[in-house]
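Q: Single-letter residue listing:
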Amino acid sequence: MSEIQIDKIGLLVGLEIHQQLATGAKLFCRCKPIESDEYPIKFSRKLRITSSELGEFDPSAIFEKSKEKTILYCANPESSCLVEQDDEPPHDLDPNAKETVLIMSSALKSNIFNEIYVMRKLVIDGSNTSGFQRTMLVSMGGSLEVNGKKVGVQSICLEEDAAKLLQDSKETREYSLDRLGVPLVEIALDPVSGTPEEIKNIALTLGRMLRATKRVGRGIGSIRQDVNVSIEGGGAVIEVKGVQKLDQLEKVIEYEAKRQHGLKIIAEKLQTLNIEKITKEKDVRDVSDIFKSCKSKIIQKSLSEGSSIKAMRIKGFSGMFGWEPYPGIRLGKQLGELVRFFGLGGLFHSDELPNYGIEESEIHEVKNILEIKSNDAFIIVAGNEKKLDIVIESIIKRIEDARKGIPAETRAATITGETVFLRPRPGSSRMYPETDIPPIIVDNAEIDHARNKIPRSWEENLMALQKQYELNQQLSAQIFDSEYLDLFETICKDKRISPNFVASTLCGTITNLERRGMDSTLLRTGDIFEAFRLVTEGKIAKESLEMIFESIMSGKSKSISDAIKSNALNTVEDAELHKILDELVKSNFGMIKDQGLRSMGPLMGLAMKTLRGKVDGQKLNQLLEDKIKIEIDEK
Amino acid sequence: MSQFGYRGKGLEFLTSNKIEIGSQVKIHADSVYTGVIMPRYEHSDDHHIVLKLKSGYNIGLELDKIKKIELESPPIVKKEISYKSQPNPKLPKILLLSTGGTIASRIDYRTGAVTPALTAAELNASVPELATIANIDTEVLFSEYSENLLPQHWVKIAEKLDSYAKSEYDGIIVAHGTDTMQYTASALAFSLAGFPKPVALVGSQRSSDRPSSDAALNLIAATRFLIEVRSSGIFVVMHNNSSDDEIACNWATRVRKNHTSRRDAFKTIGGPPAYIIKLASIEKDKQFDIPKREYAPRIKFDSRVLLLKYYPGFDPKIVDYVVDSEYRGIVIEGTGLGHVGKTMYEVIEKAKKNGLFIGMTSQCIDGMVRMTVYDSGRDLLNLGVVPLGNMIPETALVKTMWALANSKDSSEVVKLMKENIALEFSD
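Chain order of the listed sequences is L and D.
So the first sequence is numbered by this note's numbering: it starts at 1 and just counts up by one.
So the second sequence is numbered by this note's numbering: it starts at 1001 and just counts up by one.
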């Protein structure tokens, strides 16, 4: 095992950014994109595979179909209608979304087509009720300037966001329709060589440009980066989907570079070995009987569900499943990801056995049945007969592909910054014209109009923020880059509140709580707004905001009022406050007598014990000082 | 003149550059684009050409911006795939007659919208489950949107079905567009009353070129219904709700398309559907049944019948025109229990004198007409208007066309109209 030298492997990374637009409506109906957790409408569907207009079937669709599940959809009439339920043809294209994408295309100097065709991109995992995502190519070409260097733009598309996955079980998958159909702009950039850090910078610059239009959604999930990663001599471009945060992006690129280079090294080694072609007839055997009393939990569970267990021989492959050119990069893991995606628990390979409850005696029997020689390897996999057939075919194909290097596939980014197999790479045959919508015409007047609306640059925006709200440069950059800019501006409409305090709470307090492992998605925009309103109206103390947010972000409280109640944060009436402080001063008379005004510190500490978050800190400080002074004077 | 939707400047551009539709080309404009030239929708302008890029996206490129077009390769001719499946002699035999509609539709480059194009055989192939429950033979009768159908088409379908009345088929599916499916269903129910085999009219509300289409499940359910229930008669088999788990089998004369786009647009009026086809079972409704009768086909229709929806301000002169145009019947969609305003009496009287059959249904859709409750109803009865119970207006129209063509005189028309032939009366 060695360290990877990332600058020496010919790494190329192409960014593909998906940005939700905040137009207040869906792309093809006027429903509002509101997230909810109440779903009065439920219905179930099955999706079938269809061919393209050229009569071809898409490989990723065939793959998805092989998993056959019933899809349960949950809908709220506030955020979806018959269009999302696929029970009504799409309405007209949202003019705001059209204008926005034209502005973005213009800002990136991309060539806009005068005739735009809405296409159906086949997606039959259930995330689209129709079985396809509506998407249209708006412009191609252009460039983005990043630190003085130009990064080419490949294409800009306007499309519909998918439904949100609520649950995925063996037989069914559950989606909510809140998000389905929300307008999304997809910008694909040319692949560039550069360090992950530089790539992150490109994403940041593009993100800032989009936010500068002030027409984009903010918050988790409103911007998603896909990255296309390839290495020199690797042969395939890997599409990694669903990077939600920029910090994750760097890690994902690093992991993918390491994985691809590792697979390339494995391929090179495999090419030197004499490996025979695997056939189902010669190399696959049913071994269910051997494992009847096996201690492995996975095996027992499979058997109790009526699954069968099969073993496969791979001649001359001994040691190759477990071999790691880089830590964590091995073929065994790749195969595990593949079978898990068919809904199987995983597989066992000879390089890791005996282990996981599978014992030497069982391995011995498997070896006998498969006629395993010393340099052969084997795989054990469990699942229902029908599924297993497809899975075994996929495993054979994957092992064959391993000799060639890196198979073209779509992978998903994990939260930890790794990537896992998602599906085979889809091709152009997944595209079909959306017959319900005639071509969309963009006339030159619309393009001119968009050019005139190209937003200010990031720097200009920061200057404006600094001026308007008297923020320092760092804070204005933080608030602009955060998901809270709109919220910040809304809160600051009330002139009684200090913009500086709002910005630092939004960018500092909440981020700190996040760093402590709390979940900022639990904190809704409405809650934050409400909390600041209560501060402005003197109903709660400034100091209590952190406690309130902590209470919600940790899941202890469901709302602001909950948080206030459970932390007993209601402000103390002045009369009550005076009473508490008077008692405090009285009972610590001795200390005041001895220490005079120096007793302020310890007494403030005592007062805070009961009054934290209930009284404005400054006010408390002032009152206590006054009372101590009076006490001293009286003396 | 247009070719694949190209005309004028666009067509000239392609011909002068010797480019055929389907050719792989390289186009130099503000950028260089490679792709396949696609057909163009007929209603589009003549100064763009449509290119399918490698990514699968279609784009329209303006002719004025094109500097150069190069032919990379001529169109690839695709081999026709044949969809013959091996019949299993143990399975029942079903015939699928295709007439068109979204159940068998693909993109049409004339308009860019969907059009009936798939053969019944392709359909059979696109729903492979069918082959595991029945041996399905397919036959294309015609390929039309159902809004283009005429009573002549009903005759064509009925005669075809009649020719299979004594065949080896256990049942027959008629693939049909949904827009006028209820009219065809009624036409078949009257003209083929007593038909000895089960016939299921099947359509789809969401075209079969989308993965979410309702076509496949409707077809599978119809096939199951034909072979599991074997209840002779004409039925309309469509989704019972928005989910893919329940299909309704509706009586031909009692069904109505009640929604423009939903999967469950078809509803039985005045009672529950005949059968509910679930994933594991088929449940029969106990309330109604089609009157039993000998099979004696009477496949004739006289289309000189008007379906008149009465409304406040209706101009009676229209009825005069109808009489003068030698129409033979009027089915009124009256208000409430079966009324029209007094201003209509004179023309109704005149129509009656000219021998027209006049029947009364209600625009309430659901419920009976009762013309003895109010004066206006009694007036109309006196004028010779025939109340048609709870027959739905569209069914009454088709029945009148049928009754007029199959009666010797007006009294026989009235007799036929009052007889419950195919559950058109369910009270």
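By construction, these hints were calculated from the structure, which means they are not laboratory data.
Given the structure is predicted, the values throughout are model-derived calculations rather than measurements.
Treat each hint with caution, since some may be false.
[What the hints assert, rightly or not] Derived pair list, reagent style PhoX-like, types lysine-lysine, alpha-carbon separation capped at 20 Å:
no., chain 1, residue 1, chain 2, residue 2
1, D, 1026, D, 1065
2, D, 1267, D, 1292
3, L, 42, D, 1415
4, L, 297, L, 170
5, L, 69, D, 1278
6, D, 1317, D, 1350
7, D, 1166, D, 1065
8, D, 1352, D, 1342
9, D, 1065, L, 109
10, L, 467, L, 269
11, D, 1278, L, 46
12, L, 542, L, 619
[To be verified] One-sided excerpt, in silico: chain D residues whose CB lies under 10 Å from chain L:
no., residue
13, 1004
14, 1008
15, 1054
16, 1062
17, 1213
18, 1242
19, 1295
20, 1296
21, 1299
22, 1326
23, 1327
24, 1370
We treat Cβ as the ideally placed atom computed from N, Cα and C, and that holds for glycine.
Q: Straight-line Cα separation of residue 1317/D and residue 1350/D no greater than 20 Å?
A: holds (11 Å)
Q: Are residue 42/L and residue 1415/D close enough, with their CA atoms no more than 20 Å apart?
A: violated (48 Å)
Q: Tell me if the interface restraint on residue 1213/D is satisfied: Cβ within less than 10 Å of some Cβ in chain L.
A: holds (7 Å)
Q: Holds or violated: is the Cβ of residue 1242/D closer than 10 Å to a Cβ in chain L?
A: With Cβ-Cβ at 5 Å, under 10 Å, it holds.
Q: Hold the hint about residue 1296/D up to the distance rule: shortest CB distance to chain L must be less than 10 Å.
A: violated (41 Å)
Q: Does the nearest C-beta of chain L fall within a distance shorter than 10 Å of the C-beta of residue 1008/D?
A: violated (16 Å)
Q: Given the proposed pairing of residue 1278/D with residue 46/L, does the C-alpha separation stay at or below 20 Å?
A: holds (14 Å)
Q: Holds or violated: residue 1166/D with residue 1065/D, Cα cutoff 20 Å?
A: Outside the cut-off at roughly 65 Å; violated.
Q: Take a quick look at whether residue 467/L and residue 269/L sit within 20 Å of each other, Cα to Cα.
A: violated (62 Å)
Q: For residue 1026/D and residue 1065/D, compute the direct alpha-carbon distance and say whether it is at most 20 Å.
A: holds (14 Å)
Q: Check whether the Cα positions of residue 1065/D and residue 109/L lie no farther apart than 20 Å.
A: holds (17 Å)
Q: Can we keep the residue 1326/D interface hint, with Cβ of chain L closer than 10 Å?
A: violated (41 Å)
Hint compliance for this structure: hints 2, 3, 7, 10, 13, 14, 19, 20, 21, 22, 23, 24 are not met, and every other hint is.
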